[in-house]
Amino acid sequence: MVETKELLADPAIVEKIVGGDKEAFALLVERYQKGLINFIYHMVGHYEEAVELTQDVFIKVYVNIATYDKNFKFSTWLYRIASNCTIDHLRRRDPMAASLDERDEDDNLCIEPASHDLGPHDLLEQKQLEKEIVKSISELSPLQRELIVLRHIHYRSYEEIAKITSLPIGTVKNRIFRARKQLMERLRDKR
Amino acid sequence: MDNLREDAMRCKKVLELLSRFIENDFADEESAEIKAHIDKCEGCRKEYEAMKSLLDRLETIPLVCVPLSFKDAVMKHLPEKKDEDK
Numbered sequence: 001m002v003e004t005k006e007l008l009a010d011p012a013i014v015e016k017i018v019g020g021d022k023e024a025f026a027l028l029v030e031r032y033q034k035g036l037i038n039f040i041y042h043m044v045g046h047y048e049e050a051v052e053l054t055q056d057v058f059i060k061v062y063v064n065i066a067t068y069d070k071n072f073k074f075s076t077w078l079y080r081i082a083s084n085c086t087i088d089h090l091r092r093r094d095p096m097a098a099s100l101d102e103r104d105e106d107d108n109l110c111i112e113p114a115s116h117d118l119g120p121h122d123l124l125e126q127k128q129l130e131k132e133i134v135k136s137i138s139e140l141s142p143l144q145r146e147l148i149v150l151r152h153i154h155y156r157s158y159e160e161i162a163k164i165t166s167l168p169i170g171t172v173k174n175r176i177f178r179a180r181k182q183l184m185e186r187l188r189d190k191r
Numbered sequence: 001m002d003n004l005r006e007d008a009m010r011c012k013k014v015l016e017l018l019s020r021f022i023e024n025d026f027a028d029e030e031s032a033e034i035k036a037h038i039d040k041c042e043g044c045r046k047e048y049e050a051m052k053s054l055l056d057r058l059e060t061i062p063l064v065c066v067p068l069s070f071k072d073a074v075m076k077h078l079p080e081k082k083d084e085d086k
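If you read the protein sequences in the order shown, they are chains A and B.
1 is the number of the first residue of the first sequence in this note's numbering; add one for each residue after it.
1 is the number of the first residue of the second sequence in this note's numbering; add one for each residue after it.
The set of hints was computed from the structure by calculation and includes no laboratory data.
Every residue, glycine too, gets a C-beta built ideally from N, C-alpha and C.
Mixed in with the good hints there might be a few duds.
Unchecked claim - Ranges of calculated distance between the beta carbons of each label pair, as one might list FRET restraints:
hint	chain 1	residue 1	chain 2	residue 2	range
1	A	Gln-182	B	Cys-11	16 to 26 Å
2	A	Arg-178	B	Asp-56	13 to 23 Å
3	B	Ala-32	A	Leu-167	25 to 35 Å
What the hints assert, rightly or not - Simulated pairs of lysine-lysine, DSS-like, Cα-Cα distance not exceeding 27 Å:
hint	chain 1	residue 1	chain 2	residue 2
4	A	Lys-173	B	Lys-52
5	B	Lys-46	A	Lys-181
6	B	Lys-40	B	Lys-12
Same shape as in the complex, but just chain A (with noise of 0.2 Å):
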């Protein structure tokens, strides 16, 4: 029979590179590389350095897939993984900053089309908002900022963020709340 090696559920890929299948990896790089680089991409704000990042996150679960747990889910585990590097990257980065003031101008970067119906100045309107918001994230502190990317950007659920960050879920979702409100205060001090 033939196996298609694009069908497989993470961990039967998981079982495949810890037998010694290099090339399964591709199928999870594949799979999760457009989420990781925007996750790391709207914490640290620099792309380039996001890409960066993401790619030492890829290989850092290569090298500890035989520890990964099959009772959680996959993409927990990565994204775990992923936090911590990206928090610690922060740290060493800029200890004493809780905020990104040199992120990338949206001229250099390559975003995605969106779809839209948008008249001219509707459309100026709009990028000047996401603008306003994407600064507003960025002066939250790390782990603030954390949350609200993988709860708004990311749509994790509040049980999986709570395994991403090993926080209680209580916790989480009082500091999401708490930083949602921030970020309207912040907002607002801009318009």
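Chain A is already provided as a structure; the job is to place chain B on it using the hints.
Just chain B, lined up with the frame of chain A:
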């Protein structure tokens, strides 16, 4: 005066709870109380709408692209596993 103070206290409490209310994180009775307040208080209603609008906007933030060669670069940098790891 007492009524004014009571209203201000209620607004303060409702504003603290808005985020949870939007997520339906309350029991029916509590949720109905907050909704009733939002319906009649213009200030809190505006805050509620602003918070909802922010959450909607967050979900439309554009995503960055993956570099074309990204997967190949990762695969090229994977270390060789030692036999005992297998």
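Violations among the numbered hints: The structure conflicts with no hint, since it agrees with every one listed earlier.
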